[in-house]
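Engineer: Next come the chains, spelled out residue by residue.
Protein chains: 6
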Amino acid sequence: MRFEELNWFDIENYLQEDDRLILVLGACEQHGYLSLTTDVKIPQALADAASQQTGVLVAPAINFGASPYFLGFPGTLSLRLSTLLDLVEDVVRSAFGYGFRRILVLSGHGGNDGVRSRLFEMSNELGDLRIAWYAWWESHSVSQIAQRHELKPAHANWLESFPFTRVSDLPEGEKIPPKVAGLLGAEQARKVYGDGVFGGHYEVDQSIMDEVFAAALDDVLVLLRFE
Amino acid sequence: MRFEELNWFDIENYLQEDDRLILVLGACEQHGYLSLTTDVKIPQALADAASQQTGVLVAPAINFGASPYFLGFPGTLSLRLSTLLDLVEDVVRSAFGYGFRRILVLSGHGGNDGVRSRLFEMSNELGDLRIAWYAWWESHSVSQIAQRHELKPAHANWLESFPFTRVSDLPEGEKIPPKVAGLLGAEQARKVYGDGVFGGHYEVDQSIMDEVFAAALDDVLVLLRFE
Amino acid sequence: MRFEELNWFDIENYLQEDDRLILVLGACEQHGYLSLTTDVKIPQALADAASQQTGVLVAPAINFGASPYFLGFPGTLSLRLSTLLDLVEDVVRSAFGYGFRRILVLSGHGGNDGVRSRLFEMSNELGDLRIAWYAWWESHSVSQIAQRHELKPAHANWLESFPFTRVSDLPEGEKIPPKVAGLLGAEQARKVYGDGVFGGHYEVDQSIMDEVFAAALDDVLVLLRFE
Amino acid sequence: MRFEELNWFDIENYLQEDDRLILVLGACEQHGYLSLTTDVKIPQALADAASQQTGVLVAPAINFGASPYFLGFPGTLSLRLSTLLDLVEDVVRSAFGYGFRRILVLSGHGGNDGVRSRLFEMSNELGDLRIAWYAWWESHSVSQIAQRHELKPAHANWLESFPFTRVSDLPEGEKIPPKVAGLLGAEQARKVYGDGVFGGHYEVDQSIMDEVFAAALDDVLVLLRFE
Amino acid sequence: MRFEELNWFDIENYLQEDDRLILVLGACEQHGYLSLTTDVKIPQALADAASQQTGVLVAPAINFGASPYFLGFPGTLSLRLSTLLDLVEDVVRSAFGYGFRRILVLSGHGGNDGVRSRLFEMSNELGDLRIAWYAWWESHSVSQIAQRHELKPAHANWLESFPFTRVSDLPEGEKIPPKVAGLLGAEQARKVYGDGVFGGHYEVDQSIMDEVFAAALDDVLVLLRFE
Amino acid sequence: MRFEELNWFDIENYLQEDDRLILVLGACEQHGYLSLTTDVKIPQALADAASQQTGVLVAPAINFGASPYFLGFPGTLSLRLSTLLDLVEDVVRSAFGYGFRRILVLSGHGGNDGVRSRLFEMSNELGDLRIAWYAWWESHSVSQIAQRHELKPAHANWLESFPFTRVSDLPEGEKIPPKVAGLLGAEQARKVYGDGVFGGHYEVDQSIMDEVFAAALDDVLVLLRFE
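Residue numbers (my numbering), protein chains in the order written: chain W, 1 to 227; chain Y, 1 to 227; chain S, 1 to 227; chain D, 1 to 227; chain R, 1 to 227; chain V, 1 to 227.
Take these hints with a grain of salt, some might be off.
Identical copies look the same in the list; a pair holds intra-copy or inter-copy alike.
Stated by the list, open to error - Subject to a maximum C-alpha distance of 16 Å in a straight line, what follows is the list of computed EDC-like cross-link-like pairs (lysine to aspartate or glutamate): (1) Lys191 to Asp128; (2) Lys175 to Glu150; (3) Lys179 to Glu227.
The set of hints was computed from the structure by calculation and includes no laboratory data.
Since this is a predicted model, take the numbers as computed values, not measurements.
Take these sequences, add in the hints, and give me the full structure.
Structural biologist: Here it is, written out as structure tokens:
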């Protein structure tokens, strides 16, 4: 269940039984031909599926992340990392105040990794807060699927091309990954990446995407045990 | 159209024709028997309706606002005002970077009013940025409807009870507004407000709600002209 | 009594008997033909009068507020809202440290409203701190006087034209309020508002001003009971 | 002339002729038997006197400074240094925006010295801004007077005991300065300093105070030439 | 050459010929039996070696990083990530001001990765600034050496055990990596990691360490070409 | 002993016996013909010498300070004061967490003085933290030596010209101190100070430097008693 469908009495009741929460940490940034909120949609889909199986609540999504390198692609709405740190802190601290103690952060975006630093700082301060962090695209299980199918996972390529992230037709075939040296500023990134995809297949068979989703969901379910 | 359904090419194309953007500024906070994200859902509904009529794009919603006084009601996830200021700044600044020049902020929550201060600061800095701000529940047009029906608008009462914000049954009848003196901290607010509603009718006839929505939508459409 | 006329022994003695404090939260901003510090002078006058009747102490005034929209009028000295939040926090926190527990903030300026958000945050943190907030010009009692005399209250018009805020002659008659759409940046505000007054009568009979002051003072005295 | 007695037209007119401004940077902190706002009153008196002779305008005083070490003495209202930096920046930046280019900061309080760092940062950014800083009690001219009369200047002793800072009777005679090692926290400072005076004569002949004031005023007048 | 051995004339002269700079970004944190400043010493050694071959200057090391998870191990001196972001920004901005345009950041510590976000933000702002980032322990070349020798690289194990990071005897043999779930707070990390090493061999043959260093140095030399 | 030569077990053991720490607070800024890190090297040398005699540990140096006024001299790497405050806070707070209770800050740079404000704030918060601060060049003992030899101490002149801070030949003779009025921005400072030295002898007999060092070391040893 999502907070969106609940009122405060529901949360109070839930906390009688459980102290877990799923927090979707996304981004609004270019994903080539895919939706600008691909990094929200994927962890949200995982959160909803996991919630359905476990009953663990899902907080409203954090729709923005830190994507300074994509500010040359219209539609990317990026937070300074310092803003994002404060935002996540405030949400987590609010939840902690009611008795949420085990929070699984489902990140959809690599640029948000610095957030873990603030979460560690908060863990140090808030005695019994436990945080788990899951970045589905870097997970061992998803990597193995990619390897098995001899596919290279990369930003905005097949890896993120789910039915629910597609908002237009995709090019056929494969893109040769551009050569990148150093940290590319927004303007350079626009030039180097062209359509915004980091290379590889634009799309693969839906059965592979189902495999990927199922594997990630399994990981989420394991993490939700907080063992 | 929402950013969620678009990719960056779509935004680039849109900016050839238009420079307007709707930004939904909500909150995740107790609304009595109504959804915790009532303050997102109402401006989002207005934004979607206005977008359908005008084609103006809608950015992903800011799902959290400043609600420190409701931190005694489980499920309220509140940002410090300073965090919210930075968050809105970063989103607006990103949009400005691509050529968005006229931004209508649809606020769903009174506690977010301080954001206008930062928007003024940004207007001063960013020459040709134009910002309009709409707080539907304080608008002249909505107030008039309330007066005509001899209804008092208040937090989480009939005023916000739309079909799409209702997540449970509502009490019948009317609540006597509690007496409030001074700024209530979270703990006091919980005691004083009981179920979280500020008083008055819990619900009114749907036809009145339709009137309210239509009136607010008209206001939004006028503001989108940026005259 | 004002802090200005006291030493620290006096404060220590006072705290044996009372834990109330009045904090004047002003602004230095254009007020048309009136003093740049009109928003300090009015609440200061109320504070002094209330102090005389009740003995409650008055802290040194906060002479600056958030007035970004008036930065096109020379003499407006505006704080970023974030600065103002920190400033008020530090003053209130210092006072709390000595045992002040009931603090009445007399605001002279609408642009300072966001400060309440930080005060709520502090109330949540500092158990027994109680804050009352009074914005005299928005009070029910002052509005009623305006209505009775068929006058419209507005920035820098008759409403703020007390003998102690006048620093030059005033124009005769009435100003037609300019039409305003959206949030005006500093440059636009300068153009739209001309002399800086928001419209209506520049001045009214002193007896009305006495009524206004007396009504506001009554409100302050009631609030100082902290009931 | 003080801003308090002027409206924005006056400032605009002034800036046709002059671009100098005096900014009083004070503190609200224990001064033994003297006024809590001694550090405002002294630079304010110097500012008023200098303004009378030169016509240079005086901004509203910054009534609070950084006095963390005196937070054990009731009535000290201290800003974090970071807050003070932002406050001074905002005031100076506002003034710069209208054309003020030469700003003399009259500091009344040693704890505010860190502010110079921010002023340097601003000078680097704002090309033709010129800042002068005057801490009267550390000036060569005042030190010489103290030496000539074989007096030791110290916090809250004779040095700051002007008719306009006295708010109660003063002890007779001399206080032996306490021994201080390390940075004293607020609690320790309270114990070590007792009445809050750092030692030496509580009071000296008024003619000496007149000498001190005249010498400091001379310095201010020289600095106002900005040569 | 290090800044430590130069004066400002030397920097001015250097900038006539070159615009590159190496910045060592370290940490002061537990490394099991190794030096607390292992994460400074390794990139510093690489910087010195690269400087000797290329003449590129080396700025004074940033001796502290973000290590909140190790605050249970005495001697770890950790910066909040927000502090570290500001620190690196100020250093880079200062260097940029003199004409340094190509800056290679040699990071010694994974917890500092969030810094890249601020560097991207700065690249967007400062047109022609180019930043390269090197985290030697994650590099392809070092990974390959580990794989070839069937060694697992991990925090504070053989991988970081250079002659110049060793400050005591090392245990013999191998440590079984502890099982870790979720983000460990400081207290938990202390319990889980025991001696602070993440597992694997404590030490390997010096010839392997020489290989590692040579490979990393090669990478650094390539990156210094900024191609 | 320096942290650089220790591992975390060493710190844990040390804290069984002692709770003192020396923190070197330096700067990287122009010192005329002397090393850019003169302000690190001198307090570091004092720290090492004092550590050798007392066994008190020395934390890794803070290599950067607040030097905004020297940003016109290539090689000065300056922190905003606000950054420096946070940096020192984080280091001190980390150390406090392990049981360090008496911390001697050896400052090498006058521009860092504002840091004391934050240290006072921390002392107020962290009950039994004791901080001592030593600015060797302002000490009574060093001043006396200068007076005895009829030498004027000043930035980058003989006073800081130790064998270990010299990185090039020094001019012979004496420099006439330039006239300075107001706070010089970076550009002005460059013009006014020429080679960066504030005037006086560039160099004096080594025996005087030995006297200076010995006197400062004596002071440090006394302060380390924390009496």
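Engineer: Indicate, hint by hint, whether the structure satisfies it.
Structural biologist: Checked hints:
1. Lys191 to Asp128: For lysine 191 and aspartate 128, the Cα distance is within 16 Å only across copies (15 Å; inside one copy 47 Å).
2. Lys175 to Glu150: Classified as within; 15 Å inside a copy, 34 Å across copies.
3. Lys179 to Glu227: between (41 Å within a copy, 11 Å between copies)
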